[in-house]
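Trainee: Given next are the chains, with one letter for each unit.
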Amino acid sequence: MTSFTCDESVSLCEGNMMEVCGSTDSCLREFGCEQSLLSRPDGSASFVQGDTSVLAGVYGPAEVKVSKEIYDRATLEVLVQPKVGLPTVKERSQEQCVRETCEASLLLTLHPRSSLTLVLQVLHDDGSLLSCSLNAACMALMDAGLPMSCLFCGVTCAIDADGRIITDPTAAQEKESRALLTFAVDSTERKVLMSSTRGSFSVHELQQCIAVSQKASEKIFQFYRDSVRRRYSKTL
Amino acid sequence: MPTDTKRVRGPEVSQSPSVFQCKPAAALPSCGVRADGRQRDQLDVRPVFVRCGLVSQAKGSAYIEAGNTKLMCCVYGPRETKRKDETDMKCGRLTADMRFAPFSCPERGSWIQSSQDKDFSLMLLESLQPAVCLHKYPRSQIEVNVMVLENSGSVLAHAITCASLALADAGIEMYDLVLGCSIRQDGASYVVDPTYVEENSCGSASEENQGGLTVAFLPSLNQISGLQSDGEMTKESLTDGIRTCIEGCYKLYPVVQQALAKAVRKAAPPPSES
Amino acid sequence: MAAGFKTAEPLEYHRSFLKENCRSDGRELSEFRTTTLNIGSISTSDGSALVKIGNTTVICGIKAELANPTVESPGKGYMVPNVDLPPLCSSRFQAGPPGEQAQAASQFIVDVIESSEMIQTEDLCIERGKLCWVLYCDLMCLDYDGNVLDACIIALLAALKNTQLPEVKINTETCLPEVTSEKKHRLKIYRHPVGASFGIFDDSILIIDPTAEEEILLTAQLTVVTDEEGRLCSVHKPGGTSLSGEKLQECITRATTRQKEIQKLIDKVIESVKTAQ
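Residue numbers (full-length UniProt numbering), protein chains in the order written: chain W, 1 to 236; chain S, 1 to 274; chain G, 1 to 277.
Everything labelled a hint here was simulated from the structure, so no lab data went into it.
Computed from a predicted model, the values in this text were never measured in an experiment.
Worth double-checking, as some hints may not be accurate.
[Unchecked claim] Once the Cα atoms are required to be at most 25 Å apart in a straight line, the calculated SDA-like pairs of lysine to any residue come out as:
{"#": "1", "chain 1": "W", "residue 1": "K68", "chain 2": "W", "residue 2": "E30"}
{"#": "2", "chain 1": "S", "residue 1": "K82", "chain 2": "W", "residue 2": "E69"}
{"#": "3", "chain 1": "W", "residue 1": "K83", "chain 2": "S", "residue 2": "S18"}
{"#": "4", "chain 1": "W", "residue 1": "K83", "chain 2": "W", "residue 2": "K215"}
{"#": "5", "chain 1": "G", "residue 1": "K260", "chain 2": "G", "residue 2": "D111"}
{"#": "6", "chain 1": "G", "residue 1": "K169", "chain 2": "S", "residue 2": "D97"}
{"#": "7", "chain 1": "S", "residue 1": "K118", "chain 2": "G", "residue 2": "A95"}
{"#": "8", "chain 1": "G", "residue 1": "K183", "chain 2": "S", "residue 2": "Y250"}
{"#": "9", "chain 1": "W", "residue 1": "K175", "chain 2": "W", "residue 2": "E30"}
{"#": "10", "chain 1": "G", "residue 1": "K169", "chain 2": "G", "residue 2": "S73"}
{"#": "11", "chain 1": "G", "residue 1": "K247", "chain 2": "G", "residue 2": "G26"}
{"#": "12", "chain 1": "W", "residue 1": "K90", "chain 2": "W", "residue 2": "G50"}
{"#": "13", "chain 1": "G", "residue 1": "K130", "chain 2": "S", "residue 2": "S18"}
{"#": "14", "chain 1": "W", "residue 1": "K68", "chain 2": "S", "residue 2": "P106"}
{"#": "15", "chain 1": "W", "residue 1": "K68", "chain 2": "G", "residue 2": "L217"}
{"#": "16", "chain 1": "S", "residue 1": "K118", "chain 2": "S", "residue 2": "A268"}
{"#": "17", "chain 1": "W", "residue 1": "K191", "chain 2": "G", "residue 2": "R231"}
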């Protein structure tokens, strides 16, 4: 399995096979993904949404430190590395969000007393960073071949001063917005796994944003499906 | 200075408003009645409020309030030692950690433990160790955590009392309680249980006989387990000071006993008549 | 017997209670623990509050210091909140720098302050570009029995309401600030955000205000922060199992009533402190 991954990554790099989803819909920016681009981790992916780009690497299941061992499931660690400098309190809070989302979808009980490490390296932040991190994380977990009960994706919505909802905002749009909501949506029931918000908003706006995110998630899940199908159709 | 990435950071530098005070604070009188109305050169300790067993998560806990000095202590253990190389097969390990809340002093403190905190932690540990029957807890460790919520002087003395009370509340076997008392020598006169201001001001600057003294005392064994003094004091005033501190500890004893008895009664109510 | 069952099979133990629509501590599923508030107990701080939700105890002390405003926002002061979970409050926390939970809680408090606009940092400015206040809001957990976020928000809000800042003028000759500590003024609090935390048990059962024991067993946690106008300041759900729309609505409704209860409590305590003086 690992040798296959290595070969695949080489061919991907050479041919520059970055898959890109067309930006026919104005809702989401152009997004793309490349899997198995790193040779050292057990699974890796880079996810690009407009100019926002996150690189993810998964290590594991591997041996776990005794102090972190959980007897009935795997220990998942998530590390978020910012573009510059050391991780701060903000990155720690993102780590918590990504980790608990992954924990909900991964079948950790299949690998008791082992460790999983997910490293997210921010390459560029141009808004919707948390949702891009979530998408990269999901693709990397898929690439590592870890058993999951469902997939998940992240969608960020911004509410601007006029009350309009912008999905997948850029950094400039984020700055002008009145509120910013990020959700993680699961692939089976389209329910909200994670929610992280900034700014104040009404209940109605929250519900609207959730609905918009659920709709946008369809597109991302379809992209997941297409990219995986294309990748494996070549080898199988 | 390395930046702390694990906390929310503020501006690089900030100063306490007290630095720019219009009127300088009035100097403390070096004779006569003390600022809080207590008597000088007498065994006038602040009234103490003590409670046991406040923290639900801890094995034992205690809270002490003397004047405005407020601190609490939690005891965890005996439990397995975290570091295997430090495991002692014959004897338990006692650890003490004393911290000041950032808002506890007139000047804001840092979250990071200062060297003073570490000194206090060590002195606390050394004062408590002789009183705990550590040979009864082989291969395990007992953790004592003290948090100073408000520092209004004599912190170490009260921390010792509070910690021994928490140890007792946790049901750790001990030879005796440890009580703490401190005095401040200021020239010819002295003040018992000094406040923060009294501790940090030198009334008569040029005089020699200046210093602080904290005694940890085992009341029923009549032994001293910890003695800490700083400043310059004559031999006579030092011995007198120790004697005064011991008397101060005896004054504290009934209050502490009552609090402990109350906690025990609450934990195990006497069997009802039926 | 019951204690042994609880230690050996904590999940089954709690399930057996939830089956009967109650909790192991005798509460109903949607019942908060008693919340008590003590304001202004720390005299060394500029504002302080101690909050107890059941056994969970959080103390907040606010210290104001003077600093130069940043170049980017010369007309604004600073708010620096930090949450600490010292080893004193529970055996699950280690000594040393704050762990992930404490850091995530600090970030959450930062977000709540910003989102709710409870304080206008413009009010903390003394002279544009020269001098402003820094409010260090240090929150410390003294007893960790679950739901520390709710307790932190209440402690912060009450402590800010208790805060008094001395009057500061800049001396035109020396260009140094002059502090008159006799004249003090209160902070203006624009909004009163209050949080309500929920837990999801076994992927489906919604419980409110979880204890430390319950927190370990939960499959997801959710904190909803609302202000007095019913606007949402934060819907914080860091992962975990999913939540349906109806359940979320239920949580929001409960959070709104909770906000009213807590604001009433804070007002009452502040009133009693005033009359006592």
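Trainee: It remains to establish, for every hint, whether it holds in the given structure.
Mentor: Do the hints match the structure? See the list:
For the hint pairing W/K68 with W/E30, the CA-to-CA distance comes to about 39 Å; that exceeds 25 Å, so the pair is violated. The suggested pairing of S/K82 with W/E69 holds, with an alpha-carbon distance near 14 Å, which does not exceed 25 Å. Restraint check: the Cα-Cα separation between W/K83 and S/S18 comes to about 40 Å, which exceeds 25 Å; the hinted pair is violated. Only pairs whose Cα atoms come within 25 Å are accepted, and W/K83 paired with W/K215 is rejected, the gap being roughly 30 Å.
About 21 Å separates the Cα atoms of G/K260 and G/D111, which keeps this hinted pair within 25 Å; it holds. Proposed proximity of G/K169 and S/D97 is contradicted: the alpha carbons are some 41 Å apart, above 25 Å. At roughly 13 Å between alpha-carbon atoms, S/K118 and G/A95 fall within 25 Å of each other, so this suggested pair holds. As the CA atoms of G/K183 and S/Y250 are separated by approximately 44 Å, the hinted pair breaks the 25 Å bound.
Pair hint W/K175 plus W/E30 holds up; C-alpha atoms about 20 Å apart against a cutoff of 25 Å. Distance hint between G/K169 and G/S73 is fulfilled; the C-alpha atoms sit about 20 Å from each other, no more than 25 Å. The hinted pair formed by G/K247 and G/G26 meets the criterion: a straight-line CA distance of about 23 Å does not exceed 25 Å. Under the criterion of a C-alpha separation no larger than 25 Å, the hint pairing W/K90 with W/G50 is consistent with the structure, at around 22 Å.
For the given pair, G/K130 sits about 18 Å from S/S18 by alpha-carbon distance, which is consistent with the 25 Å threshold. Proposed proximity of W/K68 and S/P106 is contradicted: the alpha carbons are some 40 Å apart, above 25 Å. Taken as a hint, the W/K68 and G/L217 pair is honoured in the structure, with Cα atoms around 17 Å apart against an allowance of 25 Å. Between S/K118 and S/A268 the CA atoms are separated by roughly 37 Å; this puts the pair beyond 25 Å, and the hint is violated.
Distance check on the hinted pair: W/K191 and G/R231 sit about 23 Å apart at the alpha-carbon level, within 25 Å; holds.
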